[in-house]
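K.L.:
Start from the sequences and build out the full structure, keeping to the hints where you can.
There are 4 protein chains.
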Amino acid sequence: MIIIIQCPDQVGLVAAITAVLAKHQLNIISLGEHVDKDENRFYIRLNVEQPADALLLEQELKNVLPDNSLITINPLPQKKIAVLVTKEYHCLADILVRNYFGTLGASVQCVIGNHATLQDICARFDIPFYLVSHEQKTKAVFENEIIEKIHQYQPDYVVLAKFMRILSPDFVAHFKMQLINIHHSFLPAFVGANPYRQAYHRGVKLIGATAHFVTNELDEGPIITQQTIHVNHTYSADDMIKAGKEIETAVLAKALELVFDDRIFVYKNKTVVFE
Amino acid sequence: MIIIIQCPDQVGLVAAITAVLAKHQLNIISLGEHVDKDENRFYIRLNVEQPADALLLEQELKNVLPDNSLITINPLPQKKIAVLVTKEYHCLADILVRNYFGTLGASVQCVIGNHATLQDICARFDIPFYLVSHEQKTKAVFENEIIEKIHQYQPDYVVLAKFMRILSPDFVAHFKMQLINIHHSFLPAFVGANPYRQAYHRGVKLIGATAHFVTNELDEGPIITQQTIHVNHTYSADDMIKAGKEIETAVLAKALELVFDDRIFVYKNKTVVFE
Amino acid sequence: MIIIIQCPDQVGLVAAITAVLAKHQLNIISLGEHVDKDENRFYIRLNVEQPADALLLEQELKNVLPDNSLITINPLPQKKIAVLVTKEYHCLADILVRNYFGTLGASVQCVIGNHATLQDICARFDIPFYLVSHEQKTKAVFENEIIEKIHQYQPDYVVLAKFMRILSPDFVAHFKMQLINIHHSFLPAFVGANPYRQAYHRGVKLIGATAHFVTNELDEGPIITQQTIHVNHTYSADDMIKAGKEIETAVLAKALELVFDDRIFVYKNKTVVFE
Amino acid sequence: MIIIIQCPDQVGLVAAITAVLAKHQLNIISLGEHVDKDENRFYIRLNVEQPADALLLEQELKNVLPDNSLITINPLPQKKIAVLVTKEYHCLADILVRNYFGTLGASVQCVIGNHATLQDICARFDIPFYLVSHEQKTKAVFENEIIEKIHQYQPDYVVLAKFMRILSPDFVAHFKMQLINIHHSFLPAFVGANPYRQAYHRGVKLIGATAHFVTNELDEGPIITQQTIHVNHTYSADDMIKAGKEIETAVLAKALELVFDDRIFVYKNKTVVFE
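Residue numbers (UniProt numbering), protein chains in the order written: chain F, 1 to 275; chain D, 1 to 275; chain G, 1 to 275; chain A, 1 to 275.
Everything labelled a hint here was simulated from the structure, so no lab data went into it.
Treat each hint with caution, since some may be false.
Chain copies aren't distinguished; within one or between two, either way the pair holds.
As the list claims (entries may be wrong) - Straight line, CA to CA, 25 Å or less: simulated SDA-like cross-link-like pairs of lysine to any residue:
#: 1; residue 1: Lys-87; residue 2: Pro-8
#: 2; residue 1: Lys-37; residue 2: Asp-67
#: 3; residue 1: Lys-176; residue 2: Arg-202
#: 4; residue 1: Lys-242; residue 2: Arg-202
#: 5; residue 1: Lys-62; residue 2: His-24
#: 6; residue 1: Lys-23; residue 2: Cys-7
#: 7; residue 1: Lys-254; residue 2: Ser-69
#: 8; residue 1: Lys-37; residue 2: Thr-103
#: 9; residue 1: Lys-23; residue 2: Ser-69
#: 10; residue 1: Lys-242; residue 2: Ile-166
#: 11; residue 1: Lys-254; residue 2: Arg-165
#: 12; residue 1: Lys-242; residue 2: Arg-98
#: 13; residue 1: Lys-268; residue 2: His-230
#: 14; residue 1: Lys-139; residue 2: Ser-236
#: 15; residue 1: Lys-80; residue 2: Ile-166
#: 16; residue 1: Lys-270; residue 2: Phe-175
#: 17; residue 1: Lys-79; residue 2: Glu-143
#: 18; residue 1: Lys-87; residue 2: Pro-128
#: 19; residue 1: Lys-37; residue 2: Glu-257
#: 20; residue 1: Lys-270; residue 2: Val-231
#: 21; residue 1: Lys-37; residue 2: Ala-173
#: 22; residue 1: Lys-79; residue 2: Tyr-235
#: 23; residue 1: Lys-245; residue 2: Met-164
#: 24; residue 1: Lys-242; residue 2: His-151
#: 25; residue 1: Lys-37; residue 2: Glu-275
#: 26; residue 1: Lys-62; residue 2: Pro-51
#: 27; residue 1: Lys-268; residue 2: Asn-232
#: 28; residue 1: Lys-254; residue 2: Phe-101
Small disclaimer: the values here were computed from a predicted structure and weren't measured.
P.N.:
In structure tokens:
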């Protein structure tokens, strides 16, 4: 059973929380705690050996915590997700394979693409694929069609697995802190389009990828995880794109594991990650 | 103030410990906790904002903890160390520079070498250097001379910074869990002498270094930290030795930072590291 | 067009080889060269812009090179491979996905498993799967059944993608330098079975994986590539196995890319890798 | 003997160059070659076993190469450098230690600081230190004082080892492609001042450092090498600065090794690095 709590910091929070658990004879297997002094914010993640009555526990914890504390107990062991794609296969295929073998930590409900390219791979894994073209319609119409499809499945998260359309603030508002994006760059370098071509022309010796929650500012949401790999003068822009796909796949897989395992707290524009 | 505790695991330990701190209005800045289920062993490291009466606190913690709990409160902010060397400079120079600029987290009391090679660099930093040759004497006599020198300074730790003589069980017993060694290999690969030559002949694509506490078995003590770097077919055995020195310096520096900052627990042949 | 040559070293080899190319107005896009002084062995890989008459070129190169030179011109742009598996999916699924999307650099002809676990994933990608059980038969019979299946497809390489049976010298002799294995360890640490359990009990802070050609000695063939990742005290043996699967997938993918792109030379027990 | 050449690309360059070497019975130990198709530019670095008459060789190479080819033969085995510093010690100390033990690949002629902080460490290594304050004078006067000091020593390179004043285009023009800077960021992220504070506020999960040649644009010169390390939510801005110093030291050391070993070509705003 996982318990995650964030609230304003004050003396005695760990004692108060763990006393509640001890009262119920609950054993803490692992405990991650962090205080952000700048924000005076307290974060705790507890992995408890035994199951317990979540409603009762939440009430007892509320009694000892500050008002406005965010308490989540026993999050769904299996999250549900929708995936948005365009044409590139690498992130989606990795998700589909893990989903098929039961190691994703979530269940893929559907895939929505603005091109038909990835329809067949979804069919091979018996995952519903919906083609929602962005052509010959307004962005609002396009996004509403996507939202409708997503709402059919009530997913916990929507994963942008190389979805190449910029989403409007309205769309983002529909899925507050539920949108996870893989950005093909080591943010904040090379914000925006064609980062690998930018990287090539700058002659960088590292390229990277960033997984983040999506907020209204382009490429500006809370970062979940990021990695870099070495490149050199022998890499063309296309070689960088190819190498970038490997790192994008790895970074998104890592981010999803952290999110689905309830290891990420978001507060303002930053994350606290209990690995 | 840092508080570190290890003891047999049981329900309610975190609650009991943090209740003691809350009673004294002590604020926990960060808390690392780990339970080793295989060993039924509990480890906790608390970084507390305010100072407090260490003796009183220790007594109160003892009252709520199992017998045989190991409690350390407010460890010396500045450890004292002795360094043993042979001829290679890279680890020692790194330690001397950090010591000189006050960023080592410990204070170098003396350096003991079985060759005179590194005498001058010590003199330049005003650190006492003692030449204790291993030649024309038994290992017991050699080691007793070193022990005598070390005992003059009562260091908390003895760092083997590329000390190339194998130490006897008797010597090790004098400094139980106080001896930190940098081993020129990614243990457990290439135990023993000339690991880089072994690595060269095996054609490996990575070499590494390992910092560990020294126990009686050669290269077998609890590992503190280790790292690897890529090598390739263009590396001669000498090139591997040269690259290895860079990684040895980095790994030992990292290990010493962790040890001096009281982030390492040792139990049996393993470490728990709260980074 | 790729040209790869290895031969005993002597003065003037690069001049002799490149003069042949210049005579035909062939432009060298990239050139990797290495001389192993210990072995007095010369290796060169040339990426030539234009196609050319391979037979004529090979003859002209032979005329200017030492006897016994190994010359390969214009290797098949698309290699054919067979894959051997047991129960673990991660390496096979990665190969099948890349094969399906045309980015593997080779074409998967068939998969042979000693368990039926991975039959379905192969079916989903329309790849023939053959179940060859090792039960109730001698190793010789078992291996002969596999060899027969492989021979139907005449693959250039046989990839052991987590194939968990030890192969006999006879089997290995059938596929000299055609067998590529992913070993679940940073060789030469933890040779043999259950390396992650060995790693767990040793308390290592890094685990790794090694891709290598298979020779008769267990885990002793020429290493193609290897990588490590950090682990810590919170990892159970099972967590290490899980993390190990990620690194195994990445290391095997990298090794196959290098092999299929003709970037690996093997001589005695080592590789020369032109990345 | 190292030979480095860059020139416009054309068919037959490698053959022409290596024929000259073969004529003199010179043996090529290693050869790095690169063609930048976008720029139609050819780069070659040859490590030749035997010494030779450099003037004669250069003339013979000129005869077979395009006009305007840049040929450097037998570069000084020991470069001379000047170092500019402000207050931070980590990069300078690393350079002084390597210089003292003869492993820098260059000889430190003098250190110039705009603060006196690092005077003592230079004195301990018998290296001349000049205090050139930037206070109460124009930038032109300040820079001219530095230029005068540097000119006394005629160094091959000037290393900015955490020199915190922005240099004018006039200063840079005095030392074209001789100025090597370590920038406390993974460029192009966080250009300019206080990159670690920027990184902290953005909540990044990696920080990095970049070594580059200095051109007139701030932080915009050709990149030599760069690296990143992982950080997390527990890092304050000061912790990032501390971790950054380790990576800055490592990156600058690597860059200097590459430069002093004649492994870097610069063309326009990019480097070609033969590692």
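K.L.:
Which numbered conditions among the earlier hints are violated in the structure presented, ordered from lowest to highest?
P.N.:
1, 7, 14, 21 and 24
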